[in-house]
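In the numbering used here, each number is its position in the sequence shown, counted from 1, plus 1066.
I should point out that these hints are in silico values taken from the structure, not numbers from a laboratory.
There could be a bad hint or two in this list.
[Unchecked claim] Straight-line alpha carbon distances no greater than 30 Å define the calculated DSS-like cross-link-like pairs of lysine-lysine that follow:
#, residue 1, residue 2
1, K1277, K1459
2, K1251, K1138
3, K1277, K1189
4, K1189, K1138
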Amino acid sequence: MAFPEPQSPGARSRGRVRGCTHDFSRTPPFGLSRSRTRSHPVKNPQPFVDEAAVTVISGAGGNGTVGYRREKFVSLGGANGGDGGRGGNVVLVADRNLNTLTDLQRRAEIRAPSGANGGTSRKTGASGAHAEIRLPVGTLVYATDPDSEVLSPDDDLPVVDLTEDGQRFIVARGGNGGFGNARFKNSTRQTPDFALSGRPGETRELRLSLKLLADVGLVGFPNAGKSTLLRRISEARPKVASYPFTTLTPSLGVVEVGDARIVVADIPGLIEGASDGAGLGHRFLRHVERTRVLVHLLDIGAWLIEGRDLLSDYESIRRELHRYRPELSDRHEILVLNKVDLVSDPSALEALEAKLAEKGLRPIRHSGATGQGSSELVRSMLHSVEQAMALEKVAAPDDQTDRERLD
1067 MAFPEPQSPG
1077 ARSRGRVRGC
1087 THDFSRTPPF
1097 GLSRSRTRSH
1107 PVKNPQPFVD
1117 EAAVTVISGA
1127 GGNGTVGYRR
1137 EKFVSLGGAN
1147 GGDGGRGGNV
1157 VLVADRNLNT
1167 LTDLQRRAEI
1177 RAPSGANGGT
1187 SRKTGASGAH
1197 AEIRLPVGTL
1207 VYATDPDSEV
1217 LSPDDDLPVV
1227 DLTEDGQRFI
1237 VARGGNGGFG
1247 NARFKNSTRQ
1257 TPDFALSGRP
1267 GETRELRLSL
1277 KLLADVGLVG
1287 FPNAGKSTLL
1297 RRISEARPKV
1307 ASYPFTTLTP
1317 SLGVVEVGDA
1327 RIVVADIPGL
1337 IEGASDGAGL
1347 GHRFLRHVER
1357 TRVLVHLLDI
1367 GAWLIEGRDL
1377 LSDYESIRRE
1387 LHRYRPELSD
1397 RHEILVLNKV
1407 DLVSDPSALE
1417 ALEAKLAEKG
1427 LRPIRHSGAT
1437 GQGSSELVRS
1447 MLHSVEQAMA
1457 LEKVAAPDDQ
1467 TDRERLD
């Protein structure tokens, strides 16, 4: 009788269950296929990156060709070498479906294909395909030529500001193709024996800076309930927890009211001194610059539990915004008393509102937990955005800048 080969205790226990003779490490039990028992790792969402640097190189032009017409009884016909194809451009394209520069952060260099060399019979070489770089709407592009001067007249000025979906900008042009020898044929020189090489492509070192384009920006102290509000009024799912600084990167949500559509940005909590770089300072504040409307959230929980002065909180946030960009003080704004579900005494809430009213402030009551006031707040957002857009149309200049740099 043949006995099974003895195994070590560790080997015997691997893939087995006590009291069961099935070896799970070899085949799944009960007729299940292995693929159905394998666990799949959960993919992490793409991290938010708002700054990146990349070098782009357009394609070189193809070389011209030296060629001659060949016919029977003609040993050396006239020149017929074709031109080289043009190199591909590097084109930036604004895409509203993107909201991070993560992909660019992982790429040090992007090249466009070069043009093909010319052929005989005056055939021009194929042009190189354009290399398109898709960037989020709101990306500012600063570019320098490593071999010469800065493209911008000022280092702090972008060469393009991608503000509209589908906007295109050629940041590096492909080189022209070289002429074939047919270009140099004349009455006295029918068989030139030379052609020109293609021109090299352009090299640009790009610095990309993303400033989110949103209609509404949610601002307030940490743990004021901004992320919960965004989850309540949109399909966005930012991280929510009951401790400060849960939100470390901005989040975007789309709010749809009938045919209207507004984009709302959850800006991570601001603290005193943010305009001077405290916390993450300017990194967060720059995402407020392009919003049309600011929604200030005041945390009633902090008022009830910590005894914080909400009017002082409001003035502190406005002060930081003004110090960062004075024009932010003129933005349309909506004041929200958040977490009103925590208040058990209505008279206390009324007294707080009366104190704010003395300063001309009329807040909207809201609760992210129960949804109270969400509809009123969304309507107020939409109305304020429409007002801001109407003013923009009146103030918009006739000339359009930073448009396509295309042929």
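- Query: Within a Cα-Cα threshold of 30 Å, do K1277 and K1459 meet the stated pairing?
  - Reply: Distance of about 21 Å is within 30 Å: holds.
- Message: Given the hinted pair K1189 and K1138, is their Cα-Cα distance within 30 Å?
- Response: Distance ~21 Å between K1189 and K1138 Cα, so the pair holds.
- Do the alpha carbons of K1251 and K1138 lie within 30 Å of each other, as the hint requires? holds (21 Å)
- Query: Given the proposed pairing of K1277 with K1189, does the C-alpha separation stay at or below 30 Å?
  - Reply: violated (47 Å)
The structure fails hint 3 only (numbered hints given earlier).
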